[in-house]
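All chains, full assembly: derive it from the sequences and hints.
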Amino acid sequence: METEHSVVAGNTPGMPDGSWLFEARGISKSYGHVNALMNVDFHVGRNEVVGLLGDNGAGKSTLIKILSGVVIPDEGEFFRNGSRIDISSRRRSEAAGIQTIYQDIALVGSMSIMRNIFAGREPTGALGFLKMREMRSTAMEILDNYVKIAGITSPDLPVEDLSGGQAQAVAIARAVHFKRDVLLLDEPTSALSVRETEKVLAIMRELAESGVSCVFVTHNIYHAFQVCDRFVVMAHGQSVKSVAKADTSLNELTDLIMTH
Amino acid sequence: MTSATSRENSLTESSHAHAAKRYRQATFWTRVRLHPAGPVAIMFLGLLAACVIVGAIIPDKFVFLSQANLSLLLRAIPGYGVVALGVGLLMISGEFDLSVGSVFVVAPFAMAYAYAEAGLALPVAIIIAFLIAGGIGLANGLITLNFGIPSFITTLGMLFIVRTSAPFIVGYTRSISFKPPPLFREILVGSVGPIPAQFLWFLGLAFVAYLLLNRHFLGNHFFAAGGNANAARFAGINVYRTKLLAFVLCSVFAAISGIFAVTRLNLAQTAPQFFIELFAVAICVIGGLSLFGGRGSVIGIVLGAAVLQLVQDVIILSRLPGFYLDMFVGVMVVAGVVINQMVRRKY
Numbered sequence: 000m001e002t003e004h005s006v007v008a009g010n011t012p013g014m015p016d017g018s019w020l021f022e023a024r025g026i027s028k029s030y031g032h033v034n035a036l037m038n039v040d041f042h043v044g045r046n047e048v049v050g051l052l053g054d055n056g057a058g059k060s061t062l063i064k065i066l067s068g069v070v071i072p073d074e075g076e077f078f079r080n081g082s083r084i085d086i087s088s089r090r091r092s093e094a095a096g097i098q099t100i101y102q103d104i105a106l107v108g109s110m111s112i113m114r115n116i117f118a119g120r121e122p123t124g125a126l127g128f129l130k131m132r133e134m135r136s137t138a139m140e141i142l143d144n145y146v147k148i149a150g151i152t153s154p155d156l157p158v159e160d161l162s163g164g165q166a167q168a169v170a171i172a173r174a175v176h177f178k179r180d181v182l183l184l185d186e187p188t189s190a191l192s193v194r195e196t197e198k199v200l201a202i203m204r205e206l207a208e209s210g211v212s213c214v215f216v217t218h219n220i221y222h223a224f225q226v227c228d229r230f231v232v233m234a235h236g237q238s239v240k241s242v243a244k245a246d247t248s249l250n251e252l253t254d255l256i257m258t259h
Numbered sequence: 000m001t002s003a004t005s006r007e008n009s010l011t012e013s014s015h016a017h018a019a020k021r022y023r024q025a026t027f028w029t030r031v032r033l034h035p036a037g038p039v040a041i042m043f044l045g046l047l048a049a050c051v052i053v054g055a056i057i058p059d060k061f062v063f064l065s066q067a068n069l070s071l072l073l074r075a076i077p078g079y080g081v082v083a084l085g086v087g088l089l090m091i092s093g094e095f096d097l098s099v100g101s102v103f104v105v106a107p108f109a110m111a112y113a114y115a116e117a118g119l120a121l122p123v124a125i126i127i128a129f130l131i132a133g134g135i136g137l138a139n140g141l142i143t144l145n146f147g148i149p150s151f152i153t154t155l156g157m158l159f160i161v162r163t164s165a166p167f168i169v170g171y172t173r174s175i176s177f178k179p180p181p182l183f184r185e186i187l188v189g190s191v192g193p194i195p196a197q198f199l200w201f202l203g204l205a206f207v208a209y210l211l212l213n214r215h216f217l218g219n220h221f222f223a224a225g226g227n228a229n230a231a232r233f234a235g236i237n238v239y240r241t242k243l244l245a246f247v248l249c250s251v252f253a254a255i256s257g258i259f260a261v262t263r264l265n266l267a268q269t270a271p272q273f274f275i276e277l278f279a280v281a282i283c284v285i286g287g288l289s290l291f292g293g294r295g296s297v298i299g300i301v302l303g304a305a306v307l308q309l310v311q312d313v314i315i316l317s318r319l320p321g322f323y324l325d326m327f328v329g330v331m332v333v334a335g336v337v338i339n340q341m342v343r344r345k346y
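Residue numbers (numbering that gives the first Met the number 0), protein chains in the order written: chain A, 0 to 259; chain B, 0 to 346.
FYI, nobody ran anything at the bench for these hints, they're computed from the structure.
For clarity, every value in this text was computed on a predicted model and none was experimentally measured.
All residues carry an ideal CB built from backbone N, CA and C; glycine is no exception.
One or more hints might be untrue.
[Said to hold, decoys possible] Distance ranges between label pairs, derived from CB positions:
#1 B:V51 <-> A:R135: 37 to 43 Å
#2 A:S29 <-> B:T163: 46 to 52 Å
#3 B:G147 <-> A:Y30: 16 to 22 Å
[As the list claims (entries may be wrong)] Derived list of chain A stretches under chain B, where covered just means 3 residues or more per stretch with a C-beta under 8 Å from a C-beta of chain B:
#4 19-26
#5 85-98
#6 116-124
#7 127-136
Have a look at this one:
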């Protein structure tokens, strides 16, 4: 018997063969007697920014943790370009091209931008010694190509000396440089100033246009409406609605969240 | 190119130019201030200058500049300094080890016992010392990391367990005469001209620690694990293995320092050497390492060891009571932390 899925498919067309860049089907997760997620389907198309909205306890964080490989679902399947994949660990999730950018744990504040970019992926020569020149030139290239917020001109700046927006930009740039094409951004703007928020939202739009899709998890519907192509509203572990931006409004999204 | 694009480009160029100009304005003084070892370098140079000046003005009352005193100073710095190198590596990775004071005693005692009483070859005896030290470090790490116990507590308990293990095993507190071959003794604790070999070994070990921390991928992992363990994990770093390695290295450095001491004295004993661990932590704090992990430098540890011994030297030369050193260490630890926080400014 086909179970009723909580469908989050939306109206955006996928790949020419009908598959999506990334797709999750039938995701369920329980913690004891609490159903955190119930038969949720979710997909991301190429060049797309998807806003994942919902109040506290809706299941957004659980879904993100599952997609990141941090939590293993009780049920569910995952696909990339139509082919089934395994994202049961962080490494496997990253190998599938998924990278999560958390608000406060993306970077090590006491380390420099360069060392943060290469943390866990250091280019090494003989006996594990770092290839410092390669690291420095690559870090400069990343700063030039991806991080376009003023104030960062040296890869030796400690991350804690950057503003929140600059640090987010560095974390995003790191993910993009290492070939992740689905970025899960968990509340990236909640601690940022107005100006920095605008810059991070602009980065998300640029990424989508250049082929890196983003899933934007946020409580701030206004920020989401500025940058997203499609919205997924979740409540009580299920998705309520998936809708393209052209087919909805700020008021409708607000009503959806408030009434569920 | 559209006017909007050219406007954006000129904005970007002007903001980059502004930022580049701002960066170039970071003077040498600012970079010294912001380096973790900046404050201790200033402290060391100031103290050294004061000692040299006073020693030059009243050489009869303050014999700082005598060859004997300088030789003594250079010989004393590595005593706590080598232990502090290991403790510092572990502090940078976010953990503590208070059992180093007991490792300092037990590992060389085992070496002396194996060589002098069991008749094993010296290289084998040294390997036994390192295996014991490594084993203690491994035990500290496994207990701390697997059970989630603060390393301060785990290693405090290990301090007492290890301290009593040698007399427990041999039945009573005792001393063993340790007379290695003269060449070994000369290499380890002899002199190269006026400079004690032990000091050169200290600089060599400091250089190895510097390469590990700053030029090796493990150093990046130590800083990441201590600075933000969650971010390190999300970056794919095995924080558990990284910290375990740091625990082992810390104990090994303590064993090395103990071997130097035993070789210099020609004597290994089971009697505990009090406060080595606390002085080692104090050196690290004075040297700019953070008690919370993720920050520090080897040059800071070296200068911290130098500052500590300079103060001790001043106390001895001034004929002040010995407990003044403990008081000054306490004051310097607190002052070092406060000064580090005050001097470090964002730019």
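>> Output the indices of the hints that this structure fails to meet, ascending.
In response: Checked against the structure, the only hint that fails is number 4, while the rest are satisfied.
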